[in-house]
Structure formats: structure tokens, C-alpha cells
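Asks: Read off the chains here:
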Amino acid sequence: MQAIFRMGIPVSGKNLFPSNIQGLPTWYEVRVNLRGHTARTSEYDLMVAMNAETYARDVREVRPGGYVLYDSTWPLDPALMRDDVTFLGVPYARLCNESFTEARERTLMKNIAYVGTLAALFDIDMDIVSGMLKEKFARKPALMESNAKAIQLGHRYALEHFECPLPFRLESMDATKDSILIDGNTATALGCVYAGATVAAWYPITPSTSVLDAFKGFCEAYRVDKATGEKRYCILQAEDELGAIGMVIGAAWNGARAFTSTSGPGISLMSELIGLAYYAEVPAVIIDVQRVGPSTGMPTRTQQGDIMMCAYASHGDTKHVVLFPSNPRECFEFAVKAFDLAERLQTPVFLLSDLDIGMNDWVVPRLQWDDGYKPHRGRVLSKEELLALPKFHRYSPEDELGVAARTLPGVHEKGAFFTRGSGHNKLGGYTEIPDEYQEVMDRLLRKHRAARTIVPEAVIERRAGATFGVVTLGGCDPAVREALDVLEERGIRGNFLRVRAFPFGDEVEAFLAEHDTLFVVEQNRDAQLRSLLVMETQVAKEKVRSVLAYGGFPLQANQVIEGIVARLGAGASVNGTAPHTNGHAHAHTHGAHDAHDARQEPHGDEGGMP
Amino acid sequence: MSYIKKPVVRHPSLKLNQLGLTVRDYEGAMSTLCAGCGHDSITAGIVRAFFELDTPPHMVAKLSGIGCSSKTPAYFLSGAHGFNSAHGRMAAIATGAAAANRKLSYIGVSGDGDSLSIGLGHMAHAIRRNVKMLYIIENNGVYGLTKGQFSASADMGSKSKRGEANAQAPIDPVMLALSLGATFVARSFSGDKTQLVPILKAALLHDGFALVDVISPCVTFNDHEGSTKSYMHTRKNQVPIVETDFIPPAAEITADYAEGTVARVRAHDGSVIRLRKVGADYDPSDRTRVVSFLRDSQASGEIVTGLLFIDSGGTEMHRNAKTVTTPLVDLPFEELCPGSAALEKLQTSYR
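Quick mapping for you: the protein sequence lines, in order, are chains B and E. The numbering of the first sequence is full-length UniProt numbering, which starts it at 1 and goes up by one. The numbering of the second sequence is full-length UniProt numbering, which starts it at 1 and goes up by one.
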């Protein structure tokens, strides 16, 4: 995938793995096409069948006219054969046994040899491949040599035995020269570092663990004093998620930029203290890398099932600010934004990512940083400001966002107050008096509503002659865009809106109002974004329909197309249902083509190529 | 309830500490606990300890969870920020607060319900991390605010006000802390100010997690015959083991204690805690012997009080993590953000 990216071609890779340490099959899908659509598709042009246990399923999944690459050291079971698929057999085991002496090397290098074959079949630039080998094994020349040898084995065999390249192949482009290949969790962690977060508290959970792994790595690189070894950060691996959010609240109460990273089950546990932070108005940044629920669900599969939970987390009347990044670049930008919003609004802010965004590599434009950036710390009174006040009260007076100034411990005793989750009045004192309680609760509602003016605006794209609007969020973005492109080729035009935050901005309200037919595309069973839109905007419930996909794999364009077409009814004439029909026609004309492959990786990672 | 508002006038003869503050400057709001509640005596002890330590009130952060005990941070140090958080979560919140600003003095006030049931995990892990804080358990064996249910520290056979006997074995916070590797473990009795104040002072200066379990009888739900946490029961069975005397580093260290009867422990800040042994063979620095001694005392029905264990050589959370000495909240943004050039360079590895 990295080699394709370096050829300048937009590409995506989806790692489909089980919740298990070792031994169960894993698939890795790579998608490439001329128009840069990189949403997942299950139309496989070429399947690399590496695991005999899953041969039957792998062969079945290849599209008619596609190819299966397999190890022909052993004959394939004739029952697996299909007439409409071309079988490409390379005797990898035999080749490696002949070329390598050590048992471990023989096994490992077999997996590497596939890369050479694929490079030949797709016409991947071998200079790029060998360049990557040099980088990866710069410090292990012996490993580089055997990897290079294995790749050559696979490459040469393919050139000698097959017609290379295949009818679909790769041609260098310059579409990725200003891009990087990065996963969302790494980008999120980088955002936290750049935002100046100093305290991170967390409890390990798939699929968010790599956020903290990356944060730790970046902090070690950028925040350790070279002379003394002293660290300008504190990472707390908590005893559980209840502790993790407690630590974040404690640190933020003291004035640090603090965050936690978790997944749905963690949010469930954190809910009580999220309510405390909301009511006592303590900033907190909570990263939720969603996975499939409910309960333990499917920890290594993706879903957007925590939308409602995050929007209203905790008992009583609570409403939160939630950001919905759609790719790693937005993960980086929104992570920084989340700290600014949390401190400005003195409230918990959620960064709602998911496994697909967080753990898969995405091609995104290079991350940008403005050195003029100053963290928005919100209304925090300095000692001088405190001394100039006749008297300090925690929850009044409010500014135009409904926010009152806070003070930090250790600054001056004039700023001392008692933070409490119990009923309090606008002066910060304990109360059970209805009017005093309501006064504070009403301000919190005003504050949440005001947040809509400072959260990231929705992305809107209009098409001339559009007859409906599609609303979506997060990682659905590429599949929905692809679906709208394909539909347009069939004469069905829809406008596009991707919400990027809750509360919804006025532009969302206006978009909903301007369409008589709306589709909300999201990855959960209960249409959570749709529910939130119906509850939190003026939109008429009847005109909003749902397109849902929630099986756990990243969204595909054909799921969106089928959903929209089915609901548009007989009025919409559609030729075929698969989005690739047009894609292939297009590709044939231009010579560079769709190349999807899925390969199983039952090998260890030592000496392996990504 | 004590409803009488205290006057704010300060008597000119009130003693001043080195900051020029009187003990009144360390007080808080009027208590709303039941008249005679042991917790109020502990509050008075805390006020006295901070006054005697010359701590600027605003350099203290006082935290609590939920319960009668957790209300008390409102009743001392009105010049300090307080955080009355959620049931059982104080230790976690204090851990985060301490992570962010290591310059403040942290005091967490909790109860046996807050610490030994719902918050047991957080307390245990704050001990493991050795977070620098004074952690007080105001221990009465009963849930007061919800009207008298047994807590996890209620002794087996102890009777509730309704006459029901507790059937489950108690959790002893002192034994628990010792087994978790706590570096400062003490127990006292709310009615024994002479012992409590020096213990609190020593705990506040300890460079790590200092657990002080204070038996604090509940006058409403647990001060009747049959309760093992009543005033009568505690007074009758209390065995003071180690008397703590605290000498701040500035004062001259006196030596009027005969060799063999005094154990001196040097605190991290250079101050010295003197432990006056009641039992000549009691050594508060030997964890194994402390545990076995406490077990024996427990079996014979004695409540051992005093500074029971101290290890001033333990590694506090920040020293263990090698955090920078400057509090994290005081680091300028420029020292935290790597900047655009670093980002540009980093991204060559994502090509």
C-alpha cells in the first residue's frame, strides 16, 4: 500500500482483524482507482489467498473476471475452482525452500515473495519497493538482503509465467505528493501534543490504545529534557475508566490540558464523572474511538454507535459538545480544537473517532501547523484580575457564550471556591432552592446552544439539479461521496452535508430546511444521528430517512447507493446496483485501473513488509 | 446541627503563625454535621495542623467524595480550593490534580463507605502510585447520609441501631494499605487531638501517599451499645502505640529523648518526625513486623493507634515518573508544542 501511495496514487488499506492475539485469519484490503475513491469495497479484482483455511471463502468473494493468487506448491482443491476467475499459482513454498536455508526464513520470506508478484502483476515501480526495503532495514542489512531476494523470486516468477501486467494495473500519478499516509489514532495523539496537553489518563481498550501509545512516543521525542531526562508530561495508566476520567477532571480543574482516550465501554463507565464535569464546569477532552457495541460487542470492528451516548452522557439533564472527524487529518485538527473548546466552554468535549479512522492508514493532505497558534484557555482569572475584583463568584457573571470565569488552585485565596457536583447557585454556593438551581441549569443550556457558533462547521457540497440531501458524519465520508458520484452518473443527484460537530450549526438547520427528502447515512442500527437531528433541529421527522450499515466493516458506496435507490422508489431508474460497473468502464478507457486485493497475513511481523 | 454562626472578629491575643495568620484563618464554613460528630473534631485537627505548619491556605487543594466525611472540606481552609466530587472517586481526581500541579499540598477527606466500597480501587491505586497527599478516612463503620447501613469497615457482629448484627468481615484500611505498599500509615481517634494533630502534620509533610485512618464514631447511627465504632468501645479498646512528635526543619532538633525509646524518621523535606515508642520493641519502619503486630492486636480486640508505619525512602509518583520539577500547569506553551518545523520533518516518515 505504501508503494502505491509513493507512486502518487490515492489508495486505502483496511485491516480486518479478529479480537484475538494469534492464529486467527486476518484480511488486509487495498483499494485503488483512478478517481481516488478510497472507501471500502467488497468487489475484489484480485485475491491473495494465503491461508488454506479460508481458501473457499476467498475464492468465492472474487468478482467474476477477477484473479486469485495462491501458493501452487500444493494443488488447489478442484472443488474450489471457478470458471469465471483466473487462478494464478506461484509455488512460493517450493521457491523459498530452494532459495533459503533456515526454517524460519523459509516461512517468513514466503509471505514477502507475494509482494514481488503483486508488483509484477500491477506494474508497481520496483525502485520504490527497493527504496522502502532500504529504509525499513537500514540497520539490518541481512534482513534487507533476504527480503529483496524473496521479492525478486516472486517478481521473476510472475514475469516468466504470467502476462504482466494484468489488464488493470497501476500507473504513477502525482495525486499524493502533498499527502501523507497516517492512521487516525496517531494523528489524534499528535494533535494532543500540539495542543499542549500535559496530562493523559487512560485505561487500555481496543481500538483506542494506540492513541496513548502514539502520545507516549511523541512525548518521548518532543517533551523529554535531553540533559536531565525530565518529562514535560504525565501519563497515567489508570485502574479503570472511572479513574481515568477522574484524573482528567482533577488535572483540568488544576489548569492542565488533560485528556483520556477510550472506546464505547469506557464512556459507559465514565458517564457519572462526565456529568460532574458538565455540571461543575470543568474542561475535559474525551477521545472515543468507537467500536461495535453493545456490551463487549465486536472490539475489532468499526461502528458509529456512541453518538447518542456521547451527546447526552450522564444522568440528569446533560448535553455535550461532540466533534466528528472523518479522517486522520481532521483527527489532528479537531484534537487541538477540542482542547480550545473544552477550556473556552469549561465543559467536556468528545472527539468521536472510530476504529476505521483510528486504526487504518489513510491518505490525507499533509498536516499543517500555524506557529502563531495560541491555546484558547478560556476565562481563567489571574492573581491580578482577582485582586481587582470586589469579590469572586464562580458561576457569574457570564459572557456571551454563557461562560463564567474560573480560578485555579494555588493562585490566590480570593479565588478559592468549592467545586461541587451537588446543587449550586450562580455564586457557587450549595442550594436546593428551585429558582437558584434552574438559573444555573438554564445557563448551561444557553452555553451548549452558543457552542454551535464556535464548533467546526458542517461540510456542504451541492450538485446542480439535486433532488435530495444526504447527511452523514465521520468515516462515512468517502463512501457517501463515491455513492453520490456514481448516482450522478445515473442521473440521480443529491446534495451532501457532513456534520462535524454537535450542537449543530445554523448551516445544518438551513440544509435540512431546504430539502424535502433527506437521507441520513450512518453506521449504527438505531439511526442515532437521525434521532439527534430530529430532536435537536426543527426538521420534520417524516422527511428524514435512514441508510444504515452496522455489520462492523467500513461503509461501502454500494450500501449507500442501494439504500438511497431503494428509498427513492420506482421514480429512480438505475442501471445495476454495483458501483464498480462505471468505475471499471472508466478505468478501461484510461488504462489505470481498480485494483483491490485482500490478503491474509498469518505470518509474524519480523522481516515483513507493511 | 450546629447553627451558630461564628463571628469573624479575631481576638488580638490569638497566636500568630510564621505567616502572621491566626488559627481562625484556617477555618471554613459552619459545619452542618450532627452535633457531637467525630468528623468535626477531625476538622479542628486539620485546621490546627495547617496552622502549625504555616501553610498558605491557597496552596492547599482539598478534595472529597460523597458522604458525611466528604462534606467536611467545606469546614476548613476557606482560602483553599475545594472539590467535592463524586462518590468514591476522590482518589482518582486527586491523582490527576497532583499530576498537573505538584506544588500544592493535597488533602483528601473520605469515609469508610467512600473509600472501602465504591472507591476501594481508586484508593488502592493511589497508594500504589504513591501520590503525594494526605488521605484521611473518617471511619465510623456506617453509612450516615443514607441512614445507618453497615459499611465495609463495620466489625463482624457489630450491631446497627435497629439491633441487626453485621455478618460480614470488615476491611481494615490500615492492613490493606500496608499490604499495598503504602509508605505512611497511621490510625487515630477523632476524640484524641493530642495524638491526631502531630500525625496529620507528619502526614502532610510525607513525600508520598499518607493514609490516616481516624476512628470517628457516628453519634446518630453508630454510638450505641453493640457498635464497635462507638466512643465508649473505641476509648475502652484503644492502645496508643507510637506517639508522634513533629519538628519542622527550621526548629532546632532537641535531643531530650533517651536512645532506644525514640525513633527518628527524616522526612523528604528535611524535617524530622520523632516517634515516641510506647512499646520498646515497636519499629514503625519494619513492614512485616508491623503487620504481624497489628494482626495480634486485632485478635486481642485492641485498636492500635499512632503512626504505625513509615517509609520515607519510597518513590513518590512524580519522582517515579521523572516528571519535570516545574508543575506541568506552569510550563509555557512553547515548551510543549513542537512547532511547524518539527511537524514538517515528522511527516517525512509518513510518506
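It should be emphasised that the hints constitute simulated quantities derived from the structure, not laboratory data. One should not assume that every hint holds.
[Said to hold, decoys possible] Derived EDC-like pairs: lysine to aspartate or glutamate, alpha-carbon spacing no greater than 16 Å straight-line:
hint: 1; chain 1: E; residue 1: 345; chain 2: B; residue 2: 272
hint: 2; chain 1: B; residue 1: 319; chain 2: B; residue 2: 371
hint: 3; chain 1: E; residue 1: 322; chain 2: B; residue 2: 230
hint: 4; chain 1: B; residue 1: 374; chain 2: E; residue 2: 334
hint: 5; chain 1: B; residue 1: 177; chain 2: E; residue 2: 330
hint: 6; chain 1: E; residue 1: 322; chain 2: B; residue 2: 370
hint: 7; chain 1: B; residue 1: 140; chain 2: B; residue 2: 105
hint: 8; chain 1: B; residue 1: 231; chain 2: E; residue 2: 192
hint: 9; chain 1: E; residue 1: 345; chain 2: B; residue 2: 178
hint: 10; chain 1: B; residue 1: 374; chain 2: E; residue 2: 335
hint: 11; chain 1: E; residue 1: 147; chain 2: E; residue 2: 172
hint: 12; chain 1: B; residue 1: 541; chain 2: B; residue 2: 516
hint: 13; chain 1: E; residue 1: 345; chain 2: B; residue 2: 370
hint: 14; chain 1: B; residue 1: 226; chain 2: E; residue 2: 335
hint: 15; chain 1: B; residue 1: 383; chain 2: E; residue 2: 334
hint: 16; chain 1: E; residue 1: 322; chain 2: B; residue 2: 442
hint: 17; chain 1: B; residue 1: 541; chain 2: B; residue 2: 509
hint: 18; chain 1: B; residue 1: 383; chain 2: B; residue 2: 400
hint: 19; chain 1: E; residue 1: 159; chain 2: E; residue 2: 54
hint: 20; chain 1: B; residue 1: 426; chain 2: B; residue 2: 413
hint: 21; chain 1: B; residue 1: 231; chain 2: E; residue 2: 330
hint: 22; chain 1: B; residue 1: 543; chain 2: B; residue 2: 514
hint: 23; chain 1: B; residue 1: 319; chain 2: B; residue 2: 442
hint: 24; chain 1: B; residue 1: 231; chain 2: E; residue 2: 225
[What the hints assert, rightly or not] Computed list of chain B residues with no C-beta within reach of chain E, every gap over 12 Å:
hint: 25; residue: 89
hint: 26; residue: 103
hint: 27; residue: 317
hint: 28; residue: 420
hint: 29; residue: 422
hint: 30; residue: 461
[As the list claims (entries may be wrong)] Residues of chain E placed beyond 12 Å of chain B at every Cβ, according to the derived structure:
hint: 31; residue: 83
hint: 32; residue: 220
hint: 33; residue: 344
Glycine is no exception: its CB is placed at the ideal position from the N, C-alpha and C atoms.
Asks: Could you run down the list of hints and mark each one as holding or not?
Replies: We went through each hint and held it up to the structure:
1. 345(E) - 272(B): Violated. Residue 345(E) to residue 272(B) sits at ~42 Å, over the 16 Å cutoff.
2. 319(B) - 371(B): violated (33 Å)
3. 322(E) - 230(B): holds (5 Å)
4. 374(B) - 334(E): holds (9 Å)
5. 177(B) - 330(E): violated (40 Å)
6. 322(E) - 370(B): violated (30 Å)
7. 140(B) - 105(B): holds (14 Å)
8. 231(B) - 192(E): Violated. Residue 231(B) to residue 192(E) sits at ~43 Å, over the 16 Å cutoff.
9. 345(E) - 178(B): Given pair residue 345(E), residue 178(B) holds - Cα atoms ~14 Å apart, limit 16 Å.
10. 374(B) - 335(E): holds (13 Å)
11. 147(E) - 172(E): violated (22 Å)
12. 541(B) - 516(B): Holds: residue 541(B) and residue 516(B) sit about 11 Å apart, inside 16 Å.
13. 345(E) - 370(B): Judged against 16 Å, a Cα distance of about 15 Å means the pair holds.
14. 226(B) - 335(E): Answer holds: residue 226(B) to residue 335(E) is near 13 Å, not above 16 Å.
15. 383(B) - 334(E): Status violated; Cα separation ~22 Å.
16. 322(E) - 442(B): Roughly 44 Å between the alpha carbons, so the hint for residue 322(E) and residue 442(B) is violated.
17. 541(B) - 509(B): Satisfied, since the Cα-Cα distance of roughly 13 Å is no more than 16 Å.
18. 383(B) - 400(B): Violated. Residue 383(B) to residue 400(B) sits at ~23 Å, over the 16 Å cutoff.
19. 159(E) - 54(E): violated (43 Å)
20. 426(B) - 413(B): violated (19 Å)
21. 231(B) - 330(E): The hint holds at about 14 Å.
22. 543(B) - 514(B): holds (11 Å)
23. 319(B) - 442(B): holds (12 Å)
24. 231(B) - 225(E): violated (56 Å)
25. 89: holds (35 Å)
26. 103: holds (33 Å)
27. 317: holds (17 Å)
28. 420: violated (4 Å)
29. 422: Residue 422(B) is in fact no farther than 12 Å from some Cβ atom of chain E, at 7 Å.
30. 461: It holds; residue 461(B) is separated from chain E by about 27 Å at its closest Cβ, greater than 12 Å.
31. 83: violated (4 Å)
32. 220: holds (21 Å)
33. 344: The claim breaks: residue 344(E) does not keep its Cβ more than 12 Å from every Cβ of chain B (closest is about 8 Å).
Against the hints set out earlier in the document, violations occur for numbers 1, 2, 5, 6, 8, 11, 15, 16, 18, 19, 20, 24, 28, 29, 31 and 33.
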